[in-house]
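Enquirer: From first to last, the protein sequence lines stand for chains E and W. Position 196 of the first sequence, counting from 1, maps to 196 under the working numbering, and the rest follow consecutively. Quick note: to get the working numbering, add 1000 to the position in the second sequence (first position is 1).
Heads up, some of the hints might be wrong.
[To be verified] Pair by pair, the computed Cβ-Cβ distance ranges are:
no.	chain 1	residue 1	chain 2	residue 2	range
1	W	1404	E	2	55 to 61 angstroms
2	W	1457	E	89	53 to 59 angstroms
3	E	112	W	1461	36 to 42 angstroms
[Said to hold, decoys possible] Computed list of chain W residues with no C-beta within reach of chain E, every gap over 10 angstroms:
no.	residue
4	1034
5	1039
6	1259
7	1347
8	1382
9	1412
10	1436
11	1442
12	1466
Derived by calculation from the structure, the hints in this document are not laboratory data. Cβ coordinates follow ideal geometry from the N, Cα and C atoms, glycine included.
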Amino acid sequence: MTSLFNGLLVIVLVMNLFALGTSRIHALIRIVASQGVLLGIILLLVHRHLTIPAFAVAMAGIAIKGFLIPAIMLRALRQAEIKREIEPLISPLASIMLGAIATAFAILFSGQLPLVDQNDGALLVPTAIATVLVGFIILTTRFKALTQVVGYLVLENGIFVFGMLLIEAMPLVVEMGVLLDLFVGVFVISIIVNHINRAFSSLDTRRLLLLKE
Amino acid sequence: MAFVLICFPVVMAAIAAAVASNRWRPWLLPVAAIVHLAATVTVLAGGAAGSSPVPWLVLDPPGRIVLLQVSVLFALCSFYAVGYLRYRQDQSNRVFCACLLAFLGVISLVTWSHHLGLMWVAIEASTLVTAPLIYFNRTQRSIEATWKYLLVGSVGIALALLGTFFLAYASLHAGLDSALTLESMLGHAPRLSKPWLHAAFVLLLVGYGTKMGLAPMHTWKPDAYGEAPGVVGAMLAGGVTSCAFLALLRVYHVCHAAGEDAYISRLLLFMGLFSMAVAGVFMVGQRDFKRMLAYSSVEHMGILVVGLGIGAPALFGTLLHVLTNGLTKGVLFLSAGNIHRAYASKSTDQVRGAMQLLPLSGTLFLAGFLAITGSPPFGPFISEFAILNGAFDAGRFVTGGLFLFFLLVVFIGMGATVLQVVQGRAPSEPERNDYRDGVLTGAPIVALLALVLALGLYIPAPLLAMIGDAVAFLENRA
Chain E
1 MTSLFNGLLV
11 IVLVMNLFAL
21 GTSRIHALIR
31 IVASQGVLLG
41 IILLLVHRHL
51 TIPAFAVAMA
61 GIAIKGFLIP
71 AIMLRALRQA
81 EIKREIEPLI
91 SPLASIMLGA
101 IATAFAILFS
111 GQLPLVDQND
121 GALLVPTAIA
131 TVLVGFIILT
141 TRFKALTQVV
151 GYLVLENGIF
161 VFGMLLIEAM
171 PLVVEMGVLL
181 DLFVGVFVIS
191 IIVNHINRAF
201 SSLDTRRLLL
211 LKE
Chain W
1001 MAFVLICFPV
1011 VMAAIAAAVA
1021 SNRWRPWLLP
1031 VAAIVHLAAT
1041 VTVLAGGAAG
1051 SSPVPWLVLD
1061 PPGRIVLLQV
1071 SVLFALCSFY
1081 AVGYLRYRQD
1091 QSNRVFCACL
1101 LAFLGVISLV
1111 TWSHHLGLMW
1121 VAIEASTLVT
1131 APLIYFNRTQ
1141 RSIEATWKYL
1151 LVGSVGIALA
1161 LLGTFFLAYA
1171 SLHAGLDSAL
1181 TLESMLGHAP
1191 RLSKPWLHAA
1201 FVLLLVGYGT
1211 KMGLAPMHTW
1221 KPDAYGEAPG
1231 VVGAMLAGGV
1241 TSCAFLALLR
1251 VYHVCHAAGE
1261 DAYISRLLLF
1271 MGLFSMAVAG
1281 VFMVGQRDFK
1291 RMLAYSSVEH
1301 MGILVVGLGI
1311 GAPALFGTLL
1321 HVLTNGLTKG
1331 VLFLSAGNIH
1341 RAYASKSTDQ
1351 VRGAMQLLPL
1361 SGTLFLAGFL
1371 AITGSPPFGP
1381 FISEFAILNG
1391 AFDAGRFVTG
1401 GLFLFFLLVV
1411 FIGMGATVLQ
1421 VVQGRAPSEP
1431 ERNDYRDGVL
1441 TGAPIVALLA
1451 LVLALGLYIP
1461 APLLAMIGDA
1471 VAFLENRA
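Construct the entire structure; sequences and hints are all you get.
Expert: Quick look at the structure:
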């Protein structure tokens, strides 16, 4: 069980690196969507005694992260009619290297934090921290409004991984609230993305330069 | 009562979304605000009846202070909003009214929630409902401001979620089961795992600090406050920031109960003083008077955090400052909104002689400036002086000295801009439009200023008792 579990978490880590390496927005959205689905499946495996509400939350997670949010973003992408692909601040290779360094750092850092016995050996904490860091890298090195939203989603995925440690502690109502907020957040952001595109004829956030000192 | 305070505004928001008349819809705002204020006063007068059937919803003493401040500010802003929207009949105010009402409900939820996860959900929801408000003017500049607000705010709040999870794990590590309710956290605080608690505190400080607008996470603030309508600026600077501060206060409370004062006070003092310094630097020579107000908000969030960092001796002043700062920000943003409208500009290059053109708004803006910079006899003077006193009582002379120095820098920097706006000769006819102060856009500001002045002259006994209770609660003496 533990080896299957750790294997899935390694796939999550590999997906992070894929996301850093890709330079096409479509592919990026798909990677984050599959990461969301995978996390939902892992959540089902984490439960020792699967109850109906817990099952419903995991399913809602898969539906929102894997399908609803990507659908909203792909729609925004179509409406924005983006022809050019991503031009990152640093080359894909450099961002993969940065991601690898972040992952190594996450493994070292989580070694410093004491774990409850039952979680020993699980890759949960390093995966969570590494995914959060990768989210930050995407947020800061990409300039398309939609790519930055993807970075935010990767960051959220990392937090979601950490949430699995707290399956017993976090009441389901709060988890649903978190998912709902994420969904509404991306929805609102996508609307704004459309307005950016209409007002600036571009989704490049480097053009948002009117407001400065 | 919790359900009235939280659900009634949300129901009113739904009604506002359904009402067809652009002319009458804004009147729903004062109706909801008055009911909310009446319910708030009833709850506060009811003494210890701040509980509800749901164990997660408890109105504790610090929550009462924030609830009262936000409810009073919203009530006065709601009348102003009616007057404001009358000038903006050209565009639909459906989303504006609905979001403003929903915001009131969400903010009440923040003050009532005694579960850190629920509190996070409510604060994130407050980010989402305020985003369309900033976007009300539909200009390129307001889109840019909304984008920065949403993205920076969401990332900050995501870090706060991670911090909340760390906190939950700290109690899981200690072998506690029902984590994240404030009662269980406080009850078992000394047993919480220290490394996790430390990491959680840093993440929560950065996360909720982003929402408060502490430097260096304040970058969204000048843009959002500068582009949002004045009434929205007042609710952001006096409502959202107070709620984010309440969240930080909860975290402070848990860490204090865990005996981690030495660790957290260093971080809090650094962040607070740094915010005051950054605000001072950007305020000197600031030509945009709405951005100047945003930096003033950064400064006052810094003051609140410095107060927390000093700890027990300054808690009274800090909690009083939540009230005085929130109300004074209302005076400043609403009068600045009037001046902006009359001149169709917010730069001191065009705006001069506001006292001559708008005698009421100009005077109120000047009085608001004197109040917020801590001049007697206004309320902020009392609260800032109490914090300073606390710093010297605690033997933190360097902190106290820097605090005074930054207040002085801000006074000079802000004063230069404000005097440019209100003094001098108003420009000739073609450069300004026909806006003049009316009852709805003037009276609420006068009322707010009267409250700020009253707090400076005399703090009523019930209010004094309320703040005293909150200090005792935070010191775990109650």
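Enquirer: All hints are to be evaluated individually against the structure, with a verdict given for each.
Expert: The hints, checked one at a time:
Look at residue 1404 of chain W against residue 2 of chain E: about 59 angstroms separates their beta carbons, and that is inside 55 to 61 angstroms. Taking the beta carbon of each, residue 1457 of chain W and residue 89 of chain E are about 56 angstroms apart, inside 53 to 59 angstroms as hinted. Hint check: residue 112 of chain E to residue 1461 of chain W, Cβ distance near 51 angstroms, so the stated range 36 to 42 angstroms is violated. Residue-level check passed: residue 1034 of chain W sits 29 angstroms from the nearest beta carbon of chain E, beyond 10 angstroms.
Listed as outside the interface, residue 1039 of chain W is consistent with that label: its C-beta sits roughly 24 angstroms from the nearest C-beta of chain E, beyond the 10 angstroms cut-off. With a cut of 10 angstroms on Cβ distances, residue 1259 of chain W stays outside the contact zone with chain E, its closest approach being about 18 angstroms. Distance check on residue 1347 of chain W: its Cβ is at least 13 angstroms (rounded) from any Cβ of chain E, clearing the 10 angstroms threshold; non-interface status holds. For residue 1382 of chain W, the non-interface assignment is confirmed: its Cβ lies about 33 angstroms from the closest Cβ of chain E, beyond the 10 angstroms cut-off.
Distance check for residue 1412 of chain W against chain E: the nearest CB is about 18 angstroms away, which clears 10 angstroms, and the non-interface claim stands. In this structure residue 1436 of chain W is separated from chain E by more than 10 angstroms, as the shortest Cβ-Cβ distance comes to about 29 angstroms. Chain E leaves residue 1442 of chain W outside its interface by the beta-carbon criterion, the shortest separation being 30 angstroms against a cut-off of 10 angstroms. Interface exclusion of residue 1466 of chain W from chain E stands, the closest Cβ pair being 29 angstroms apart, more than 10 angstroms.
Of the numbered hints listed earlier, the single one contradicted by the structure is hint 3.
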